[in-house]
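Colleague: Single-letter residue listing:
2 protein chains.
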Amino acid sequence: MNPNGSMDTFFNPRGVAVVGASTKNLGHHVVLNLVNGFQGGIYPINSNYNEIEGLTCYAAVTEIDGPVDLAIVIVPAGAVPGVLEACAAKGILHVIIESAGFSETGPEGIALQARCDTIARAAGMRLWGPNCMGLVDLPNQRFFTFMHPAIRREGLLPGRISLIVQSGMMSAIFLAELGRRGIGVAKACSIGNRTDVDECDILEYLLQDEQTDVVALYLESMPRGRRFARMARQAAKPIVLLNGGQSRAGATAAMSHTYSLAGNARLLNSVLVQAGVTMAEGIFQMMDMAHTLSMIPHMNPAGRTAILTLSGGAGILMCDALEINGIPIADLSEETRRKVGEIFPPWMPVANPIDLFPAVARNGRRVAFQGAFSGALADPGVDALVIHFVAGLEADMPDFQDLQARARKDGKVLMFWLMGRREGSRTFRDKARAAGIPVHDDALRIGQCLRAVARYQAHRQSAPGADTPPAQITAAPSLPIHQPGIWDEYDSKMLLATHHIPVVTEFLTDSSAEAAILARRIGYPVVLKGLAPGEAHKSERGLVRLNIGAPHDLDRAYTELRDKVGDRGRVLIQQQVTGDYELIAGFLRDPQFGPCVMFGLGGILAELEPDVVFELAPLDNQAAVQLIRAIRNRRLLTGFRGKPPLDEVAMADLLVRLGDIGTRCPSISQIDINPLLITKGTPVAVDATVIMEGA
Amino acid sequence: MNPNGSMDTFFNPRGVAVVGASTKNLGHHVVLNLVNGFQGGIYPINSNYNEIEGLTCYAAVTEIDGPVDLAIVIVPAGAVPGVLEACAAKGILHVIIESAGFSETGPEGIALQARCDTIARAAGMRLWGPNCMGLVDLPNQRFFTFMHPAIRREGLLPGRISLIVQSGMMSAIFLAELGRRGIGVAKACSIGNRTDVDECDILEYLLQDEQTDVVALYLESMPRGRRFARMARQAAKPIVLLNGGQSRAGATAAMSHTYSLAGNARLLNSVLVQAGVTMAEGIFQMMDMAHTLSMIPHMNPAGRTAILTLSGGAGILMCDALEINGIPIADLSEETRRKVGEIFPPWMPVANPIDLFPAVARNGRRVAFQGAFSGALADPGVDALVIHFVAGLEADMPDFQDLQARARKDGKVLMFWLMGRREGSRTFRDKARAAGIPVHDDALRIGQCLRAVARYQAHRQSAPGADTPPAQITAAPSLPIHQPGIWDEYDSKMLLATHHIPVVTEFLTDSSAEAAILARRIGYPVVLKGLAPGEAHKSERGLVRLNIGAPHDLDRAYTELRDKVGDRGRVLIQQQVTGDYELIAGFLRDPQFGPCVMFGLGGILAELEPDVVFELAPLDNQAAVQLIRAIRNRRLLTGFRGKPPLDEVAMADLLVRLGDIGTRCPSISQIDINPLLITKGTPVAVDATVIMEGA
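Chains as they are written, first to last, in the UniProt record's numbering: chain A, 1 to 695; chain B, 1 to 695.
Isolated chain A, as found in the complex (with noise of 0.2 Å):
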C-alpha cells in the first residue's frame, strides 16, 4: 500500500475520470453529481456516448486528455479488473469502486475482489470501496457518489463533523437524517468493503483535515482495532463511534473465562472507552453527541450542573435525566443562594434545580431569568447550565449571543432543553445553535450529551503525551514448561510465580502421608485439588476440598482425589485463602485488538453481570492504574463497607506483569486468574489457567 498522506488525492483529486459514466440511472447519477459542485476536470468514460451532460464522454481511461488523478467506477462487478488496469496504464493511482457484486455475494465475489486487489497492489494504486456510495464533502460540494442527486434537497448543511460509514445505505439515510436535524457535515465516507482503504486511513486524514473537529464513525466490525484504538487515544478531536451487531451471538464457545467475557463488543467497547473514544447507542444519539461535542470544545469534566426551569415537574425529570447518566447536580454555594434568593419570594427557599416560576410571578421574567442566570454563571461550583424553554409561550427569545458570550467568559457551558411548537422550536433551535448553544427536545439526551462531553474532557486531561510502549520488552520470558494446550493450575501459577506475580502457597503431593506434613507447613485450614490433564472444570467435576481441618479428612480427602484423576493426574494442596472479595485478571489475544490485558470482578454474580474491562497489552503502569479505575463497581476498591482499599501499586504491576507476560511470549494465548482474592488490599493468584497455542 502508498504511503497514507496520498488519501488527499481522493478527496482533492485533480481530475475524476467517471468509469460507466451514462445517462440514465447510477452512472448518471455520479456525472450529475460531480457537474453540480466540482471545479476540476470531469471525464466521462462509456463507449456508447459521445458526451454526458455536456461533457466529453472517453471510450476508455487511457484516452483523456487532461490531468486526471481519481476514478469512480460503476460498472459492473466483472468488468472491474479491466477497469483498474487501465486506470494502471493511465497513472490513474487512487479508484473509488462504487460497483456491488464483491465479497458481499459469496465465493465468486470474493475471487473478484481479490483480483482487484492483486492488480491494485502491484500497481502501487489505493483502492476505495467496492460496494459502497463513495464520499461527499459539503463544504467544498463534491459529491463522488452514485447517491440520488436529490439528496442536496434533503437540506443537507455544510458543517464540521465527518463521517465513516460501513454500510452503503446508511451513509445516505445519515446525510438525510443529519439534515433533517439541522446538523451539519463535513465529509461523509462510505467505506464498504474495504478491500484497501479502511476507517483507519479515512480516520487518520480527518483527524488532520482542518475541516473536520469530529469524526462519528459506524462500523460493523474493526479489523485493524488495534490501530484505530492507538490512533485514537493521540486523536486531538473528539471521535464517536456507533458499533453495529454488538447484539450477536458472539464468538464460538470459549475455553477460558478470559475470553468468552471479552464476548463480541465487551473487549471493543472497553478498549476504545480507555482510548477516549466516544460509543453512542443508535443512530440520534451518534448524531446529536457528535453535534454536541463539536460545539463545546471546553468544559470542567466535573460537568456540575444547574438547571433553570420555569416548571417544578420539568425541573425534577432534567434531574432524572441528569443523574442516570452520572452528571452531578451542583450544589449552588451560599453566596449563590443569597444573590439569586432576593429575586425570589421570602417563602421559596432557592435550590438547584432553579425553579423560576415564583421569581417571575414576583419580578417578572426577564428580571428573574437573568438574575437566576447572572448567579448560576457566578458560583464556582457550577460547570454547566440547562436552561428548559417553552417554545412558542413567549413572543421573545433569548439573545443567544449575548448568553454564550458571558458564560463562555466565565467557562461555563450552556444547553437548552427546548420544549413547544414545532415552527418556533425550529426557529430558537438555529439561531441558538449559530450562537454554539446545544439544543435537544428530551432531557434523556441532553444527560447523554453532558456525560459524552465530560467523560471527553476527562480523557484529554489524563491522556499521556505520547504513546510509547514499554520498553522492557526484550526477550521472550522463559517458560518453566513446553507442552502446548491446556496448563493445569501448578503448571500456570508457576509461570505466574516466576513472573513475579504472587500466587497462593501450595506444592504437588504423592502421598497421604506427605500431603499430612505439607498441611502442617502451610497451615489448617488447607484446600485439596485433583488435577486432570485438560480439564478446566475442577468444582463442577468435584475435584476441589476446601475447608479440611484436620489430618483424617485431609487423608480421606487425598484417597478420594487420587483415584478420581488417576494415573495421569496429579494432587495439589494449598494454604486456605478467605479473601474480602474476589477479583479476575487475564490476558487474551483479540482478532482485531491483538494483544490484551483484562481486569475486572470475580465472583458468581460478576459471572452473571460481567463487570470487566480490557486494554491493550502491553500497558504501562499509568495505564494499568487507569484500568482499575474504569470498571463499573470500582467503589469495590476504594473501602467498601470498612474493607481495607485495594493497593493499586500491586494490583497494577500484576497487570503490567501479566501484559508483558504475554506481549512477549508469543505462543501464550490466554491467561486467566480467577479467583484473585483480595486479602487486606493486596492481590494473591488463587487459581489460574494458561492456554498455550497448539492445543
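No false leads were slipped in.
The calculated lysine-lysine pairs, modelled on PhoX-like cross-linking and capped at a C-alpha distance of 20 Å, are:
id, chain 1, residue 1, chain 2, residue 2
1, A, 538, A, 564
2, A, 538, B, 680
3, B, 538, B, 564
4, B, 643, A, 538
5, A, 643, A, 680
6, B, 643, B, 680
7, B, 538, A, 643
8, A, 680, B, 538
Residues from chain A that keep clear of chain B, each with C-beta distances beyond 10 Å, as calculated:
id, residue
9, 90
10, 544
11, 645
12, 660
Just so you know, these hints were derived from the structure itself, not from any lab.
Glycine is no exception: its CB is placed at the ideal position from the N, C-alpha and C atoms.
Use these hints to put chain B onto chain A, whose structure you have.
Modeller: Leaving out everything else, chain B in the frame of chain A:
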C-alpha cells in the same frame, strides 16, 4: 369523602360556574375554553361584570338560576374558602380549584388548604386541585382549564389515551407534545396539590371510561401507593407511569438493609411492575409506549420478531435495539427460509433480519416485499414484524389496511421503523397509524415499545382472577419477647423460627466450657458472635469469628468476644454454613405502599448493584413465586454453573410466612434476613434483624 361514583360529575356536569371569570388573563381563558365546546350551562361569576363573552355574569354562585353542579375556581387563594362556602350553599358539590397559593407555598398556604378541605368535607363536596390546570376532554371538546385557548391550535388530536399529570405546567406541555407527535388524547387531568381528588380516584374513573384505552401518568409521589398498586393489578387496561424524582437522595440513613434497599423509587418501581404497570423513562418514551399499547391490544408475549429491511446496516441496528430490550430475534423456520428463499439469489441464504436488497434487485420491489412479508406472517415462530422503511425514496406507499388485515388474521403484530423526509414521513405515519400500525423513527424506541407490549401481555396472562388477600390472617403472632427497638440476631431468628422459617443451628452460651460442648454437638468448624445491645454492624466491630476449627481457638474467641460485649451482651455459637450463594429477604412498612416483602440477591456485589424486588404483603404463594422470578439475575436461581436450582416451593413459603408475620404484628416495622444462604437449593437464615416500633 363521597363515594367515587360521583367523579363522573367532574367530567360530565350539567352546568359549570366559573368563579373568577374575567375578560382578561386566566379568568378569561377559562370562559373562552368553555364557550368553545361545552354544551351545558356556563355561568361566569364576577361582581364586576354584567356579561362575559355574551354570557350573563353573576355576582355569586348562589345567584345562578340554572342547573349547575361543577365550579371552576380561579380567584386569589385567600378568597377560595368563601367561594367553597357559597358553592356548598348552592349545592355545587364538585369544585376544581385552579388557583395557586396553597400548600406549595409554605406554612400559610398549608393552613389555607386545610381550611378548604374542612369546608369541603363538612359539605360532602369533592375538591379537585388546588394549584392545577383542571381537565381537558378532547373527544367531547371540553376544556375545563385556564390553559391558553391557543393550545387548540397546537394540533391536539382526540384519541384513546388518557393522562393524569401531577405537575401543572407539564400537563399543558404533554398535550402540546402529544399533538406534535400525532398522538391522540381522550382526557387529560392535571391534579395539582391533591387535597382530595388524587390519581387513584381518577384512575378508577378512567379504568371504567369507555373513551379511554390506556392511562398514562406523570407523578412525583404516590401517597396512596398501596391502593394504586391494587387497582393496577385488577385493571383491564394498560397503565403507563413516568415517575419523576427517582434520582433524588432517598430516605435518610436507614437502620436496616431492607429499608435502605427500598430507596426512593426501587420499591415503587418493583411493586408497580409486579402489578402490571409499564414504567417509562422520560416523557417521550411514556408517550410512545402508551400510544403503542393503545394500538396493539394483543401479542404473543414471547415477542419473537422478524425484521424486513432494504439495508443490512439497518437490520443489524434493529437487532441491537431489540436485544437490548430483551426482545428475541425470531428464528425463521426451515419452511419459511425455503419459501422466502425462492425470491432471493442462490448465494444469499435467507436469515432474520430479512435483507430484501438482493431480492429486490432480482424480482422488483413488490414481489420481494410481498414474498418476504407473506413468509414471515406464515411462520409460527414469528410474533411480530418490524419493517424498516425510508419515506420519500419510493413513491408508492404500502397499503397499510391490507397489511394490517393480513397480520391480524395471522395474529401477528406490525411496526414500522421509518426514516426519511419529514413531509413524506408525516403522511406515512398518519396513514399507518390510521390502520393501527405503530410507526417510530428510532430503533431503540421500537425495542422499548415492543418490550412494553410483551410485558403487559405476559402480565395479562399471569394475573390472577381476583385480588384476594390470603385468608389465614387472623391473629397477631406470639412474640418470644416484647422489647422495642433493634432485636439482636438471636432474638430475631427465634421469632422467625417460631413461625417456621428455617434458621441456622445456634445456641447462646455463657462459658467457654459450655461453648466447647455445644461446638461438639454442632460440629466444627463453628462461628462465634458477640451480640451487643443495639449493635447492627457486628462484622465491622470485630464481633464475628468465622471458621473456628478447634477447641483452643474456640476458647480464645469466646474470651475475647465476652470481653468485647460486656455484661449486657451475649455470646452466640453457630453452625458454620457455606452456601452456594447468598440471598436476602425482608419485610418493611413503606409510607406509600404499606407492608411489603423484599427478596433479592445478597453479598457484597449486590450491595453495589442491588438486585431486589418488592411486593405488597401479605402475599400468596403465586405472588411469592412471581416475586422470586422477578429479579434481574434470575438465571442464578435456575441451576447456574452446575449448582442445584433454588427450591422455589421452600423459598416462596418463606416469603409468604415473612409477609404474614410482618402484616399480623403491627409493632414490627422491619425484618431483615441477611444473608439467607442457599445450600443445595435450600434457604436458611444465617443472620437476621427485627426492628420493633418504639426504638
